[in-house]
Structure formats: structure tokens, C-alpha cells
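2 protein chains.
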Amino acid sequence: MDNKIRIGIVGYGNLGHGTELAISQNPDIKLVAIFTRRDPNLLDSKPNVVHISQVLDFKDKIDVMILCGGSAKDLDEQGPMIVSHFNTVDSFDNHQRIPEYFEKINQSAKSSGKLGLISVGWDPGLFSLNKLLGISVLPHGKSYTFWGEGLSQGHSDAIKRIKGVKNGIQYTIPIREALDKVMNYENIDIPANEGHKRICYVCCEENADLARIENEIKTMPNYFYGYDTSVFFISEEELKQNHSKMPHGGLVVRTGTTGEGNKQKIEFNLTLDSNPEFTSSILVAYARAVFKLWQEGKTGAISVFDVPLGYLSPMSGEELRRNLL
Amino acid sequence: MDNKIRIGIVGYGNLGHGTELAISQNPDIKLVAIFTRRDPNLLDSKPNVVHISQVLDFKDKIDVMILCGGSAKDLDEQGPMIVSHFNTVDSFDNHQRIPEYFEKINQSAKSSGKLGLISVGWDPGLFSLNKLLGISVLPHGKSYTFWGEGLSQGHSDAIKRIKGVKNGIQYTIPIREALDKVMNYENIDIPANEGHKRICYVCCEENADLARIENEIKTMPNYFYGYDTSVFFISEEELKQNHSKMPHGGLVVRTGTTGEGNKQKIEFNLTLDSNPEFTSSILVAYARAVFKLWQEGKTGAISVFDVPLGYLSPMSGEELRRNLL
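Chains as they are written, first to last, in our numbering: chain A, 689 to 1013; chain B, 689 to 1013.
Hints should not be assumed to be uniformly reliable.
The list treats identical chains as interchangeable, and a pair is accepted whether it falls inside one copy or across any two copies.
In silico DSS-like pairs for lysine-lysine, Cα to Cα no more than 25 Å straight-line [stated by the list, open to error]:
no.: 1; residue 1: Lys830; residue 2: Lys933
no.: 2; residue 1: Lys885; residue 2: Lys933
no.: 3; residue 1: Lys718; residue 2: Lys830
no.: 4; residue 1: Lys798; residue 2: Lys986
no.: 5; residue 1: Lys928; residue 2: Lys951
no.: 6; residue 1: Lys798; residue 2: Lys980
These are computed hints drawn from the structure, not numbers from a lab.
Could you build the full structure based on these sequences and the hints that come with them?
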């Protein structure tokens, strides 16, 4: 018998695959089972892939479940259900609905005596921590968030829903001039559409009306309207060859003043080849924290704001102070 | 009666002054008294400046003491003494001696039922948190720290001790080529002297032997030997006019890989007009956390690794989740 933290993964899409890979980089953590709604026999016949209906058979075999449901809809349903039997970590990212989701997880977790950590990843997650840090340390100042350069799944999906489009990829790119102004302490307000431009690579059906498609993209409300948007039509081969990775990143900046107008700047910057693999790596580190906090008696719902960062590490408090402080 | 957190400051040098200014930016925190070893009447006759010998008169009037002792020697003596009567935050920054100092604070604080948070600031402090985050989220990777551009007090003091030197300022500057290699994921080892150069502005006594002084600086072990060091001799007026601010900053970078070699990068970057004012701003935010943790029953010594970041903010958990997650 070893002392490894035993993990279950719920959902076997990009995030679930990434979590499987991330666990293999952490010697103190082991993967027990991956739960899927599909027929596990149709997957790559890994012995640890199990149908979701068997989840309760693992009640005493898993310390923390990492919920990798691909959409807010999955988590809305799965989160409260799973946390009534297991400790959980999830990446719920519908910012506006976080308070409501938190309440649901909290009620379910309080009844079961488990711990549910919600909205882990980089945004929400590490970006949220840095926004909090900036505003707390420099109360007189301004906060900025830039996303990209990176692939936005939501915007890519929006393109794909247009008639005549076979496939599409959208990259969000910070506008250099806006970023420079922020970095130069110009203390301005930058609406999202003045801070970012959008570049779309679209692959269409034969004889599709390209002018109409380009127009539909550029005028789509909430997604593209008001943004500097470029549309490039490319072949399916080119799309597959050059745009199949999922890079992303971004930065959180706080500029502020202290004393007699001394300028101070805090910047947190991510550059990611693979957005889902990075998000999964964060989920796995936080799963370690959830297990430790639960062992100390913590139950209910929590967010990244409630987790001391030392709990993310396999090192003891003494090792951390000696090596990293 | 208000509900503000009541702060005392011990030590009225750069850091103490900065803390006084930082408190004024936080409406939920108030300054009760500043304790000094000097004769308070010789200071600028502020009514709240008190001689250190009166500190015990304030036992029920102060929630958290911010220890602004200018050197490890001050804190070594003051830390354990003050924490036997008050909750404390300090910026103990002698990295190698942190474990020993932690033990002393812990013993004293456990006996008194108080809470002592040690080694707060940006290095140690925010940089430590980011090193921990990097290594925990990207276990397969490499961590780097660069300091500057900024004024190093220790190196400036070392210059001043040389015979014939009246005054001196040393700036630490990251070497661009080394930084570029790190940012390009070259995964190299960079000893401190290959990552930084040193620029010294020195003002000497009349008829001093400049060649000897320059040589003594450049060959000084631990401080300058092995570094690309430039020495400029300037007048006292020029030193005062152009080099009296205390700018600093630096960055912590983690480069790593996930999955099949996808490159990931996390960067935390500070650019500071005033090093002591920024450090004090961090101390004040963490004083808020100390008070909350102590109210919850936490005693003994802790470090930044033990503090949930949500505790730095005056906002409630609910407000934080709604506004910043």
C-alpha cells in the first residue's frame, strides 16, 4: 500500500486527457479511474476507463474527483451529484453564474461532509488570484486583463454554426498599442473590443457564399461585432495542419501608485502551447490541496481564494520554507 | 467605535514610513502608533510616535504589529519579543536563516497565543509564492528569478564601506541575452552572475585613489567579483539628484512542458518606482490576513504559503467570488 492521493477523472475530452497526462508528472498522485458517459469499450480499451453509472462503486477508492465536463451544462448537473459522494475539483468557468453554482456545490458538500473546490484553471483561477493580489496590494490603481494570443473555443464554435462553414478556428490577439498604454501607466479604460482583435481561419463547403459568411462573422453580436476581425478562408488540409493545436495565454496587470505618486506595476503572464493541458495541470495541483484541506476537516464549497498556496505542493511546510521562501 | 483593524508600526525608517502611507490607502485599517528606539520628540512631533519602551501599554489597543526593523538584526531581537504580546507581520529576508527564525517566532507565538507571519514582501514573499506556483503546476520544468532593474541596498552599503568613498548606489540589471534565452525555453542553467550585471555610481572624497576604489569594488568577493560590473564616479549633487529614488523589481519565470512536449510558461513581473513603499503595501495587506486568521483561532508562526489569498482583501468571500473569480 502506498500513500498516493487517489484521483478519479469525470469526463474524457481534452481536459480529461490533459488531466491523465498531468497526473503522470506528479509522483505523489495516482489515477484510479476515468469515468465517461460513452461506452468505455468503444474507447481505447484502457482498463481504467469506466462507465459513469459505476461511479459509486469507487466511493472508498478515490480521494478526489477531477470534474472535466466540457461545458457548464455538464458541471451544473455532475458537480452537485458527484460532491455528494466525493471531494471534487472543477473548472466551472461561467463567471456570471459562479455564485449560484457555489451555493449548489456548498449545500451538497455540506450534507455529504465532502469538499468541493470550484472554478479552478487559469481564468477563472490563476488570473483571479492575481486580480485579487493586485487590488489588495495596490488599492489605488487599475486592473487589466488581456487574453491571447490564443484559440478561443467559444468563438470557433460560433463560426462553425454559420451555414456553409465546415470548420473554423478563431484566435484572440491583444492589441499591442492598448497593451503598451497599460504598461506605460496611462491609466485608461480599455473595453475588451479595444484591447483585442480577432483572426478567423474558416474552411467552407464547396460553392459557399464567402462574402455572406465573412459578413455574418464580422457582424455577429457579442462575439465579433465591434471587434477588429479578420477572416481568412483556407482549405481543410491547411486548417488541420496549421491550426490543430490549442495555444492560449494572456496577462493580468495591475498598475497603481503608492506614497507621493510612485508608480508600481504587477504583471502575471501566461504563454501556453496547450490550453487544456495547462488547465489540467492546475486542476491536479489543486486536487492535492483539496485532499489535504479535507483531511484537516474542511467541508463545503471553496474557491481558489480559500486555498493557501502551500497546499498545492507535495513538499512539507518546512521544506517549502527552506527551499522556496 | 469603528471596526477598523488597529495597526502598530515598529521601526520608523523607509519601511515604517512606507507602511504609514500604505495604511492611509486602506479604509478598513487604521494606524494607532509608531514605535521607535529614537527619542520621539526629536522626530516630527507626530502625536502617534511613541518610544518603544511603552509598547506594552498598547496591548489591548493594537490588533497587528507590523515590524519594520531595517535589518535582520532588529527582527531577530524584536520579532520574538513583540509576538509574545501582539500578532505580528515582518519582512525577515535572510533566506538562509528563515527556518531558524520561524522556529523562534513559533515558540514565542505559541506560548502567547498570538500569530506571527514572517518573511512578507516581494522577495521573500510574492516571488516565493510564484516559485511555489510554478513548480507545483509545472513539475517538469525550470524556475528562474531575475532581479532589477533596481537599487540594491546591500550592494550600495558594501560600496560605502570602501576607504575614500563618501556615498554610492548600486543598480542590479538583468542581462537581456540571458532573459531572452529563458523566455525562449532554452532550459539552461543561469548562475546569478550570468543573469545580472551591476552598475555603480560612486562619489568619493577629494583626492581619493579612484583606480584603487574601482578595483576594490570589482574584486569584492560575494558582492561584485565574477559580475560584469561598471563603476562611474559622479559628484555628490548628481548622486542626490539622479539616484535618490529606490526603484526595483524583477521577475520569476517557470518554463515547463506538459503532455507530448507542449511548452508552457508562467511569468510574474514587478516594476517598482519605490521598493520600500511596495513592500509596505504588501505588509499591510498581509496584516489584514493575520488579524482574520488569528480571529479564527490560528496561532504560532506562519509564512505566506499558509495564507489563503482571499484573506488579503477587505471583501467578503461572496464579494470576491462575484467580482474577481
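Structure-based check of each hint:
no.	hint	verdict
1	Lys830 / Lys933	between (33 Å within a copy, 23 Å between copies)
2	Lys885 / Lys933	within (20 Å within a copy, 39 Å between copies)
3	Lys718 / Lys830	between (42 Å within a copy, 23 Å between copies)
4	Lys798 / Lys986	both (10 Å within a copy, 23 Å between copies)
5	Lys928 / Lys951	between (46 Å within a copy, 20 Å between copies)
6	Lys798 / Lys980	both (17 Å within a copy, 23 Å between copies)
Checked against the numbered hints given earlier, the structure satisfies every one of them.
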